[in-house]
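> Going by the numbering used here, the first residue of the sequence shown is number 2, and it counts up by one from there.
I should point out that these hints are in silico values taken from the structure, not numbers from a laboratory. Beta carbons: idealized from backbone N, C-alpha and C, even for Gly. Warning: the hint list may mix true and false statements.
Label-pair distances were calculated between CB atoms; the ranges are [what the hints assert, rightly or not]: (1) N279 - L126: 15 to 21 Å; (2) E396 - A282: 42 to 48 Å; (3) Q31 - R509: 21 to 27 Å; (4) A388 - R554: 34 to 40 Å; (5) D182 - D384: 57 to 63 Å; (6) R554 - R520: 17 to 23 Å; (7) S500 - D182: 41 to 47 Å; (8) R454 - A53: 53 to 59 Å.
In the DSSO-like style, the derived pairs of lysine-lysine whose C-alpha atoms are separated by at most 30 Å in a straight line are [as the list claims (entries may be wrong)]: (9) K531 - K544; (10) K531 - K153; (11) K316 - K365; (12) K519 - K365.
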Amino acid sequence: MPHPNPAFAAARDLLLRHRTDYTRAYAEFQWPRLDTFNWALDYFDPKARGNAQLALWIVEEDGSDARYSFADMAQRSARMANFLRAHGVRRGERVLLMLPNCIALWDAMLACIKLGAVMIPATTLLTPADLEDRISRGDVRHVICLAGDTPKFTALPADVWARVRGRFTPGQAPAGWTSLDGAQAESYAFTPDAPTHATDPLLLYFTSGTTSKPKLVLHTHQSYPVGTLATMYWIGLQPGDVHWNISSPGWAKHAWSSFFAPWNAGAAIFAFNQSRFNAHATLQTLSRCGVTTLCAPPTVWRMLIQEDLAAFPVKLRELVGAGEPLNPEVIERVRAAWGITIRDGYGQTETCALIGNSPGQPVKPGAMGRPMPGYRIRLLDIDGNPADEGEVCVELDPRPTGLMQEYAGDAAKTAQVTAGNVYHTGDVAQRDADGYFTFVGRTDDVFKSSDYRISPFELESLLIEHPAVAEAAVVPCPDALRLTIPKAFVSCRVGYTPSAELAGDILRFVRERAAPYKRIRRIEFFDLPKTISGKIRRVELRKLEAERTQGTRGTLEFFEDDFAG
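Starting from the given sequences, assemble the full structure and let the hints guide the process.
See the structure below:
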């Protein structure tokens with residue numbers, strides 16, 4: 002009987018063994034050296050064979066659920082791989098996966114890995130225009146989606162849709178599509194057509210595009226499957242855990258924490274499907290199902306803390322946040338209710354978890370933690386010199402496994418972000434004397450006012466401490482005297498209505514707590530623009546401010562000068 006790849010298993014076991022000993026884990030961990038490696042065949046299947054332990058638990062909004070063991074998933078995915086291969090899916094071909102959290106998603110992902118096909122995960126929220134871009138630039142040959150989403154594809158220009166040979170959907174298939182239900186009749190004995198090299202392409206992500214048009218991030222059979230060992234370590238996963246990552250399929254964080262990291266640890270993946278996010282139902286499910294580890298983005302945490310957290314008897318051991326930095330006020334409210342500290346972490350689509358607060362370590366308010374095992378992090382100033390505040394850069398000698406291979410089709414951009422033998426993240430951070438990093442902002446978010454550097458995140462953290470503010474985004478507003486001044490776009494919490502009185506109260510709140518040069522001088526109540534993944538698109542707000550005639554106001558905008566004192 003085959004055993005899991007020994008080099009990979011040894012690296013995994015070391016991190017599990019030193020789960021709460023950061024110093025030893027960081028000093029002793031080394032990325033496994035791999036030549037041929039197929040995570041589904043060389044790790045998952047050997048661990049899953051005969052393993053009745055829970056691997057996947059999907060709960061629906063009406064309370065119904067489905068549970069699958071590791072052995073179930075190994076057999077189901079083998080059948081799916083045989084089925085897809087019989088219907089023309091070949092090694093190296095690109096498959097667009099546009100599925101929600103349903104069993105077909107995990108079946109298809111495991112099957113594509115076994116086949117050596119390249120997955121392009123996509124959210125179900127994509128429009129036909131988005132899909133046309135992905136099919137064209139991503140060179141898509143096969144699509145897997147729900148039957149209800151097939152009209153989005155048939156609405157595409159004929160020459161674009163003609164490129165797609167394989168058209169698959171779970172359940173009853175519309176005309177011209179093939180039902181994946183036929184996989185149930187296939188053999189669960191799968192034989193690969195060739196070895197898989199660790200550096201073969203596996204995943205192609207279109208980034209969320211907070212500041213620019215989405216780039217094509219190419220990952221290999223080792224960069225995410227092996228790279229997420231660092232993610233597993235940051236979360237603090239253990240065998241037998243029930244891990245819930247509140248993330249939509251189609252985004253890198255879903256692959257991190259709803260696929261590779263939990264199964265690397267031998268934990269179960271949990272998913273709860275809601276037609277619309279409901280914080281109360283989420284907390285009820287969290288408690289009722291005995292989830293032990295939870296990861297959620299800041300938007301979700303901000304909604305959860307509006308409920309009475311202490312009223313829910315959770316069985317949680319680990320809480321983490323990712324996607325954007327967590328504000329200290331959110332962390333404190335959760336700790337007060339549950340006695341657990343949310344541990345922040347940092348990474349990108351191009352990487353896995355790079356920096357984080359790992360289990361058992363002191364957590365500093367506002368800090369995103371220390372470098373994860375396997376990564377050496379530098380901060381570089383604008384001239385490329387080492388600094389205690391600067392761009393977060395990853396050393397490339399040796400190159401860490403959990404880094405993308407390239408921006409597909411853009412050699413110039415790849416060269417730009419790897420110049421100087423480091424990977425440039427485009428994010429700015431500060432490092433303290435203990436080696437903890439604190440997020441400052443994107444290099445294109447940080448701005449100057451009266452020659453002072455302004456960190457939007459710092460002011461946004463302060464703004465959401467006000468009881469009326471649900472979310473906030475701070476951008477530079479052109480000013481004749483100071484070049485720019487800080488302006489806040491805010492959305493209100495439930496129960497609060499935008500008004501001049503509320504604007505004045507928020508401005509006073511910030512003025513009493515921030516240094517004079519950081520004062521918010523304008524505020525506008527606004528429906529914050531976001532990416533499909535939920536990140537605030539500050540680039541749109543900066544553009545809005547830059548294009549406004551100086552002195553003009555938005556409908557619900559207020560100036561500091563409007564208020565006396």
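> Hints first: check each against the structure and report whether it holds.
Here is what the structure says about each hint:
no., hint, verdict
1, N279 - L126: 15 to 21 Å, "holds (18 Å)"
2, E396 - A282: 42 to 48 Å, "holds (44 Å)"
3, Q31 - R509: 21 to 27 Å, "violated (54 Å)"
4, A388 - R554: 34 to 40 Å, "holds (39 Å)"
5, D182 - D384: 57 to 63 Å, "holds (60 Å)"
6, R554 - R520: 17 to 23 Å, "holds (18 Å)"
7, S500 - D182: 41 to 47 Å, "violated (56 Å)"
8, R454 - A53: 53 to 59 Å, "holds (56 Å)"
9, K531 - K544, "holds (14 Å)"
10, K531 - K153, "holds (22 Å)"
11, K316 - K365, "holds (24 Å)"
12, K519 - K365, "holds (22 Å)"
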